[in-house]
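Okay, here's what each chain looks like letter by letter:
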Amino acid sequence: MALVVAPEWPLDDWLAALDEQMRRTAGLFAHRPVVAHLGAAPEGGGGPPESVLDALDALVARDLRVIGVDGLDPARLAGTRWARLPTIPPGRETVVQAGEAAPAKPPPPPPPSSLLIDRPVRSGQAIVFEHGDVTIVGPVASGAEVIAGGSIHVYGALRGRAIAGVMTGGEARIFCRKMEAELVAVDGLYRMAEHWGPDLHGRAVQIRRDKKTLALSALV
Amino acid sequence: MSKVMVVTSGKGGVGKTTSSASLGAALAQAGKTVVVVDFDVGLRNLDLVMGAERRVVYDLVNVVQGDAKLPQALIRDKRIETLSLLPASQTRDKDALTEEGVGRVIDDLREKFDWIVCDSPAGIDKGATLAMRFADLAVVVTNPEVSSVRDSDRIIGMLDSKTRRAERGEKVEKHLLLTRYDAARAARGDMMKVEDVLEILAIPLLGIIAESPDVLTASNLGCPITLHNPASPAARAYDEAARRLLGETIAITAPMERRGLMSRLFGRKAAVA
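Residue numbers (my numbering), protein chains in the order written: chain A, 4 to 223; chain B, 81 to 353.
Here chain A stands alone, though its shape is the one from the complex (with noise of 0.2 Å):
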């Protein structure tokens, strides 16, 4: 399913309002195909108009992928480098508004922003998650490791190593029910077990980022 663009003139007022758009609905346009629609473009001369390019360049410019043009003469194009794309005679009026409001299509949903680990993280395995936090019920063994966009939580013991933040930062927190870790990290800050001692060995812990250390404090 391509989205139809239609560029009006004055052109500079049009792209201001479809960056607006693209800002508000962000990820509307991505991966989708688009037809240009043409025409209301100024008529000029024989040749192609200046201003037709410029409004093809402005959407190749903010990563649409134009895959055909509609609503103009295709005479109009040849010589440019957009002859090659299929252009489709003018026809019934199916025009999105771009600068209008709500688009005819919802947005694609964002991506799920965490992850759910049902079952024990054994030894030798790796847990990657980028997008968000990890949510893990059941232990996580010596040897394994899991490493979260944003915070970790471990319904279980953990005993392998736990990286979070690596998109949020210092925000993120590890938190577990109880602790044997091997290494905790979050935001690049890391810590290993001979630091922290036994004092908090075996019991729930949360562990976050505070200034420049890692704060390791017990959940009562």
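Rather than coming from a laboratory, the hints here were simulated on the basis of the structure.
No experiment lies behind these values; they were computed from the predicted model shown.
Here are the computed lysine-lysine pairs in the BS3-like style, where the Cα-Cα straight-line distance is at most 30 Å:
(1) B/Lys251 x A/Lys181
(2) B/Lys206 x B/Lys149
(3) B/Lys192 x B/Lys149
(4) A/Lys181 x B/Lys91
(5) B/Lys91 x B/Lys206
(6) B/Lys149 x B/Lys83
(7) B/Lys251 x B/Lys91
(8) A/Lys181 x B/Lys273
(9) B/Lys91 x B/Lys242
Since chain A is already given, all that's left is putting chain B on it; use the hints.
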């Protein structure tokens, strides 16, 4: 419906081959037709433990590569009629096995036997992955010590990802067999406790086999302990484990330290010495 069972551990020397032979014999003694397959190509041992080392003509590699027919390679046990052995090759290495060939052999064995017991080599490379590849269930052999437990955990992860059942989204049933359990050391607290091992591995317990000279004697004589010395605690533990595999519900008791009258009178020290 036949069952393919892999006996595996990751770590070497924990008792995979002994357990394969003993569980295989116990299942056969319970009336099932059983074949025990040695996947340790290059380090063939199962034939020794089962007392068939002088009867090996063809082996698993010959069958996988099509040089011999399956009935030519199968060795029927002289003591239990329903027990057979498919030996490994001692002169080849594990690269001689192919997934397609092993799959074909397992399919053929499924038509002849109730239970196919695959004795896995140590490690996590080709031999071990092929031994577990077609398994319906797994017996994870673990000693109560940290290195064995961690290696077993790694193997359990592979059972959940590298087997054909796992790739099809089906479950591979996993059972923990705790071997070389030393009751005296457990009582002193210098060995991992059964609960600790179970908590880390989080799979059901199939049985606990006590460390015992009877097991070593039976191996050296080439006779599975359930045949050689059925009254010994280890043989009883293997027999109960096999019956649990067959669906019986039998409570598991941790082996107790056996102390004579004198040591009872004079306390624990005498028993330890």
